[in-house]
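Peer 1: For reference, the chains in residue letters:
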Amino acid sequence: MTRGRRIGIAAMWALAAFAAWRMQLFAPWRAFGTFDTFGSFDHPFHLARAETLVRSLLHGRSLRWIANHQGGYPAEFYPFGWAWVEAALWFAGLGRVPLPIVHRAATVGLFLLPGAMFAWMAARDRWPITVPLSAFALHVAVPGEMWSGGYSELVYVGLAPSVAAAIAAVASMTAASAAFASGSRRACAVSAAAAAAAIWCNPRAVVALVVCVGAAWVVSVRPADWRRPTIQLLTIAGIASLLAVPELLSLARFGRLYYFIRYTGYDSSLDYLAVSIETVSLPGFVLAGVGAAAAFRLRHERTISYAAAAALVAYAAATLLLSFGMPSAIEQLETTRLMPVQRLLMIYLAAVGLHALAAAAIARWQVRRLGPPAVEAVAVAALLTIYVGPERLMPFWSRGLFPVHRTGTPAFGFLHQVLKLADEAAPTGTAILIAGTPNDDRPQLWAPVDVDRPLFYDDWMWYWHTRHRGPYDPTRTSRYDLARVAEIFDREYLQRNGIGAVVAAPSVQLAADAAPALKREFGGTYGLYVVRDPVRIVTLGSRSASGQTIENERIVADGTSDGDYALIRRNWFPRWRVAVNGRPASIIETDDGYMRVPVPRGRVHLELVYALEPLDSLARLLMAIGVVAAAGLGSVGDTRRDPAEPLDGGQQVTRREEQSPDRRAQLALRASSMPEPPRT
Amino acid sequence: MSNGRSTGGLRAFLIVLLVAYVLKEIAVALVSPPFTGHDEVAHFAGIRIVAKQHRMPTLWTDTLPPDLYAYRAFTIEWRDRDRSPLYTAVHPPLYYGVMAPVYRVFSRRTPETLQYILRAASIPFGVVTVLVAYLLARTLFPTDTFLAVTVPAVVALQPQVSYEAAMVNNDALATALYSLVLYALVLTVRNGGTMRRAATLGALAGVALLAKGTAIAALVLIPVALWAGTRRLRPSGSLVAQIAMSYGVVLLLVGPWWWFMARTYGDPLGLHGMAATQPDLTRTDATFLQLLFSGRFLVDRWNESWGQFGWRLIHVSPALVALLALAAAGCVAGLVAATLRPTAIAAADRWRIAAVAVLAAACALSYCGMVQFGVGFVLTQARYVFPVVDALALLLMLGLRTWIPLHRRAVAQAAVVLAAIAVNVEIYAGYVVPFWYPR
Numbered sequence: 001m002t003r004g005r006r007i008g009i010a011a012m013w014a015l016a017a018f019a020a021w022r023m024q025l026f027a028p029w030r031a032f033g034t035f036d037t038f039g040s041f042d043h044p045f046h047l048a049r050a051e052t053l054v055r056s057l058l059h060g061r062s063l064r065w066i067a068n069h070q071g072g073y074p075a076e077f078y079p080f081g082w083a084w085v086e087a088a089l090w091f092a093g094l095g096r097v098p099l100p101i102v103h104r105a106a107t108v109g110l111f112l113l114p115g116a117m118f119a120w121m122a123a124r125d126r127w128p129i130t131v132p133l134s135a136f137a138l139h140v141a142v143p144g145e146m147w148s149g150g151y152s153e154l155v156y157v158g159l160a161p162s163v164a165a166a167i168a169a170v171a172s173m174t175a176a177s178a179a180f181a182s183g184s185r186r187a188c189a190v191s192a193a194a195a196a197a198a199i200w201c202n203p204r205a206v207v208a209l210v211v212c213v214g215a216a217w218v219v220s221v222r223p224a225d226w227r228r229p230t231i232q233l234l235t236i237a238g239i240a241s242l243l244a245v246p247e248l249l250s251l252a253r254f255g256r257l258y259y260f261i262r263y264t265g266y267d268s269s270l271d272y273l274a275v276s277i278e279t280v281s282l283p284g285f286v287l288a289g290v291g292a293a294a295a296f297r298l299r300h301e302r303t304i305s306y307a308a309a310a311a312l313v314a315y316a317a318a319t320l321l322l323s324f325g326m327p328s329a330i331e332q333l334e335t336t337r338l339m340p341v342q343r344l345l346m347i348y349l350a351a352v353g354l355h356a357l358a359a360a361a362i363a364r365w366q367v368r369r370l371g372p373p374a375v376e377a378v379a380v381a382a383l384l385t386i387y388v389g390p391e392r393l394m395p396f397w398s399r400g401l402f403p404v405h406r407t408g409t410p411a412f413g414f415l416h417q418v419l420k421l422a423d424e425a426a427p428t429g430t431a432i433l434i435a436g437t438p439n440d441d442r443p444q445l446w447a448p449v450d451v452d453r454p455l456f457y458d459d460w461m462w463y464w465h466t467r468h469r470g471p472y473d474p475t476r477t478s479r480y481d482l483a484r485v486a487e488i489f490d491r492e493y494l495q496r497n498g499i500g501a502v503v504a505a506p507s508v509q510l511a512a513d514a515a516p517a518l519k520r521e522f523g524g525t526y527g528l529y530v531v532r533d534p535v536r537i538v539t540l541g542s543r544s545a546s547g548q549t550i551e552n553e554r555i556v557a558d559g560t561s562d563g564d565y566a567l568i569r570r571n572w573f574p575r576w577r578v579a580v581n582g583r584p585a586s587i588i589e590t591d592d593g594y595m596r597v598p599v600p601r602g603r604v605h606l607e608l609v610y611a612l613e614p615l616d617s618l619a620r621l622l623m624a625i626g627v628v629a630a631a632g633l634g635s636v637g638d639t640r641r642d643p644a645e646p647l648d649g650g651q652q653v654t655r656r657e658e659q660s661p662d663r664r665a666q667l668a669l670r671a672s673s674m675p676e677p678p679r680t
Numbered sequence: 001m002s003n004g005r006s007t008g009g010l011r012a013f014l015i016v017l018l019v020a021y022v023l024k025e026i027a028v029a030l031v032s033p034p035f036t037g038h039d040e041v042a043h044f045a046g047i048r049i050v051a052k053q054h055r056m057p058t059l060w061t062d063t064l065p066p067d068l069y070a071y072r073a074f075t076i077e078w079r080d081r082d083r084s085p086l087y088t089a090v091h092p093p094l095y096y097g098v099m100a101p102v103y104r105v106f107s108r109r110t111p112e113t114l115q116y117i118l119r120a121a122s123i124p125f126g127v128v129t130v131l132v133a134y135l136l137a138r139t140l141f142p143t144d145t146f147l148a149v150t151v152p153a154v155v156a157l158q159p160q161v162s163y164e165a166a167m168v169n170n171d172a173l174a175t176a177l178y179s180l181v182l183y184a185l186v187l188t189v190r191n192g193g194t195m196r197r198a199a200t201l202g203a204l205a206g207v208a209l210l211a212k213g214t215a216i217a218a219l220v221l222i223p224v225a226l227w228a229g230t231r232r233l234r235p236s237g238s239l240v241a242q243i244a245m246s247y248g249v250v251l252l253l254v255g256p257w258w259w260f261m262a263r264t265y266g267d268p269l270g271l272h273g274m275a276a277t278q279p280d281l282t283r284t285d286a287t288f289l290q291l292l293f294s295g296r297f298l299v300d301r302w303n304e305s306w307g308q309f310g311w312r313l314i315h316v317s318p319a320l321v322a323l324l325a326l327a328a329a330g331c332v333a334g335l336v337a338a339t340l341r342p343t344a345i346a347a348a349d350r351w352r353i354a355a356v357a358v359l360a361a362a363c364a365l366s367y368c369g370m371v372q373f374g375v376g377f378v379l380t381q382a383r384y385v386f387p388v389v390d391a392l393a394l395l396l397m398l399g400l401r402t403w404i405p406l407h408r409r410a411v412a413q414a415a416v417v418l419a420a421i422a423v424n425v426e427i428y429a430g431y432v433v434p435f436w437y438p439r
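These protein sequences, in sequence, are chains A and B.
So in the working numbering, spot 358 of the first sequence is number 358, and the numbers just go up one at a time.
So in the working numbering, spot 391 of the second sequence is number 391, and the numbers just go up one at a time.
Any given hint could turn out to be false.
The following residues of chain B were derived to be distant from chain A, with all beta-carbon distances above 10 Å [to be verified]: (1) 19; (2) 65; (3) 325; (4) 373.
Reference listing, derived: stretches of chain A covered by chain B, where coverage requires no fewer than 3 residues with Cβ under 8 Å from a Cβ of chain B [to be verified]: (5) 266–273; (6) 280–287; (7) 357–364; (8) 508–518.
Here are a few chain A residues that face chain B, going by a calculated C-beta distance under 8 Å [what the hints assert, rightly or not]: (9) 293; (10) 398; (11) 401.
If you're looking for bench data, these hints aren't it; they were derived computationally from the structure.
Owing to the predicted nature of the structure, the values given are computational and were not obtained by experimental measurement.
Built from N, CA and C at the ideal position, the CB exists for glycine as well.
Required output: the full structure, derived from the provided sequences and hints.
Peer 2: Below, the structure written as structure tokens:
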């Protein structure tokens, strides 16, 4: 390893450490009596999902139905890929590290992961270390917009699954490109595993995978040698599909039940252009264009860069097509959410572009005492100074690593305490409603971490059907209209959803105070109200079931019936099966999306199970086959040459080529970026 | 570099282009309903005050004209009919002084008729800008027909720049004068700096500054051009003396106006006055670098450069504007490629590199000026970059030329002209005319 490379790697580590410090990775675990982690926007929701998964795993069950969120939802509609990562980290820490702290570390790690990926991509292309360093600095410095995959989306908005899927998709493309170029089976296995991870984190990544891996295949396939890359492409697609088949099969079977609200969209192609630039900054965008051009020019030597450039062009075209040409082609797709992958590709190519420009400029003006790395180092330093330096250079929302809301606040501390009291106050078999927040975030969605029971919210962030009743328009939003908040304190609403206690923020406490169905226990940052004469989640005719157990994939109720219907205030889904007094019965979906079951007069023992159907079992079997196939492919030694070695084995440069001015510049770029001779 | 066209042929092309330009401008002036151009009501009121009261308006003493209140939709924040400040009162006096005699001659006409006449009176400024574009191309690349054809054609057919030249607005005059400054800078780089040229530069810059404050970037460019000129040829005086001469002339011409502005508003450009009278349009949440690196800022300005006619009411197809951006990006890429291409340059040709660099610097400074204005004011606009349209057109066509083989340039220049005409036809036939005259 050369000295320059060592310095570059050290610089990347230093930058990573700095970013981690700015994101308060090393801050104390607790503040104001609560675990201190990222608390803005969607963080509480994802932390709660990880907590729910860990609990389920501790009970020996894989999580397939999530009971605690607004009547429940099937796991495949918001897959738990990223939550599995956090759960795995929690288990790796033997449960000693609290999950909120695991979430903090995982989020920071995910933010820094592109640095490692850029280093991997650049190493395969034999770019000098300054290329991944520049790319990593751009990633750290430019926060992007709220759905762009950078700091803003991951750390501010908390959309870890989306960002993780984007990173996995680009990793899959990189490995696929390496496989196509070198024939490496191991790279095939890595590509397939990364593709499956992307799908498990966010099924929307299928679009990115098809476009990016497809582009990598298109640019690598030759008329004389199309068979091998094509077989590899099919292998990657096949194994990835097997690994993700439980998710894909479920979506194929039940996707029609999933209603997706499109919150965002591009107004026009100009809007898309503006966001594309904003995502990486204007200099980054320009450099990405230069990098793409350089990659096309050096296509035989830098296969990863070439694949990235081709993927970027194809991906931008696909985004435009899906946004404006075929906006209804994929119903559950906000095309704005495709940007994270584009951002990663642009950032990498921007670094390539910076290097290409520096190399060309130095060759053009024959600055012998200055190498491209020096120019790149200056660019990186300037970038970090501008974006991470004084606020008078870059304002709050546009700067990298800006501070975000944390959970280590008095308000969060109050919420935890009040939730625990609400859990004690609400009768067994009832849900808790949490209404209002003291700020713009959704701290209430952290409630499943504190209480293990069904919960309802006035703003539940994400949902999957339109039948839930309340003062809102389910086709446009997943939150109640706070101007009509009194309606959710009505007896009718509380009984319809089996709510036993209400936790209310100050903004809704006046309405709660005025509600006859509620009795105020106390007020404050979060007030607690108990429901007078609450109705439980399962009722047998007009009577509440006396004994009730509400678990994720199982609901049990006992009681006496007058011979009517049992109403189960949990969301209907085709997988639910019911047995009444041990005999199978039919489930009827109610108008508000819940379940109704006919019950006989007298004693009733009702048991609903979220069934593992034969197709689900088959999917699991296929996934196991996929795991074996991927492991087998990955462990088989590569018979071909080193994946990092270009297929042409390094081009021979003739004297005539050397004399061409264009070729001289190209050679300068090659020479400047090849500190080590090609391995043989 | 010549592809065989004679100078006579080029002149004929230029004459045809200018005739077509004037006809187009007359059509644009007539097609656009009264006072629908950028700030036309306010500029018209400024001319009226100069013509009738023989004084410059101020933000503190003058208001938007109540008799034109019907056109309030085409003004900024005209809420109170009688008390809204005349927000263009911070502009320098030259345009109003030039237009005041025209106003006086036709003062008995209705305001609507008068504004059509004033629009027509602005057209010569546009003609000057197109002519200077041609002169710039011919001066820098005398044997290059591709540039001699495409540069003036792009300037003449740039929809928004030519639109401004058919409106009651000081932009066209400012653009014409600043184009002359740029031309003088290029001549200075080519011929070397002398005291006389320095004085000429100062005079042109001073006059341009009296048309619009956006010309202030010339004060940065003058020393650079003089330095580049004196490096090449033996100067008739020291560089410092030349710069002092230029600045002295500028100060002589603009000094009284700046003194008036500083006394009235507290600063020579009247920014404090603008901030005080347009509080809803000022901001403190942006920084220079943020806007400079912002994609949204750039795209908004680009959109304004091609669309948003009639007080930003008429929006042309974003796809068309995006396509134009793609074409411009291709041209810029060509320019970068040409810059980085390792070719040997003869000593006699090096002045061209310096002159092109001065033009590129003019463009960069102009963009930075617009960005800087945007830091304090929400309504920064692409119009503030229009004074460098000749330089921009030359640079873009220079970039485009990089990609075109020599034997294809004749076809390419025809394609550029036809494409520019097609863009105009599409914008006016598809958007502007149907907007004002719906069927």
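Peer 1: Measuring Cβ to Cβ, find out whether residue 325/B lies farther than 10 Å from everything in chain A.
Peer 2: violated, 7 Å
Peer 1: For the segment 266–273 of chain A, do at least 3 residues have a Cβ located nearer than 8 Å to some Cβ of chain B?
Peer 2: holds (count 6)
Peer 1: Checking the smallest CB distance to chain A, is residue 65/B really beyond 10 Å?
Peer 2: holds, 36 Å
Peer 1: Between the segment 508–518 of chain A and chain B, see if three or more residues pass the 8 Å beta-carbon test, and mark the coverage as holds or violated.
Peer 2: violated (count 0)
Peer 1: Test coverage of the segment 280–287 of chain A by chain B using CB-CB distances below 8 Å; three residues minimum.
Peer 2: Since three or more residues must qualify, the claim that chain B covers the segment 280–287 of chain A holds, with 4 doing so at under 8 Å.
Peer 1: So, as I understand it, the hint says residue 293/A touches chain B; can you test that by seeing if any CB pair is closer than 8 Å?
Peer 2: holds, 7 Å
Peer 1: Regarding the assertion that residue 373/B does not contact chain A, is the least Cβ-Cβ distance greater than 10 Å?
Peer 2: holds, 17 Å
Peer 1: Have a go at the residue 398/A hint: is there a Cβ in chain B nearer than 8 Å to its own Cβ?
Peer 2: Nearest chain B Cβ about 5 Å off; hint holds.
Peer 1: Are all beta-carbon distances from residue 19/B to chain A longer than 10 Å?
Peer 2: Nearest chain A Cβ is 34 Å from residue 19/B, so the label holds.
Peer 1: Do at least three Cβ atoms from the segment 357–364 of chain A come closer than 8 Å to Cβ atoms of chain B?
Peer 2: holds (count 5)
Peer 1: Min Cβ distance, residue 401/A to chain B: is it shorter than 8 Å?
Peer 2: violated, 15 Å
In the structure shown, a violation is registered for the earlier hints numbered 3, 8 and 11, in ascending order.
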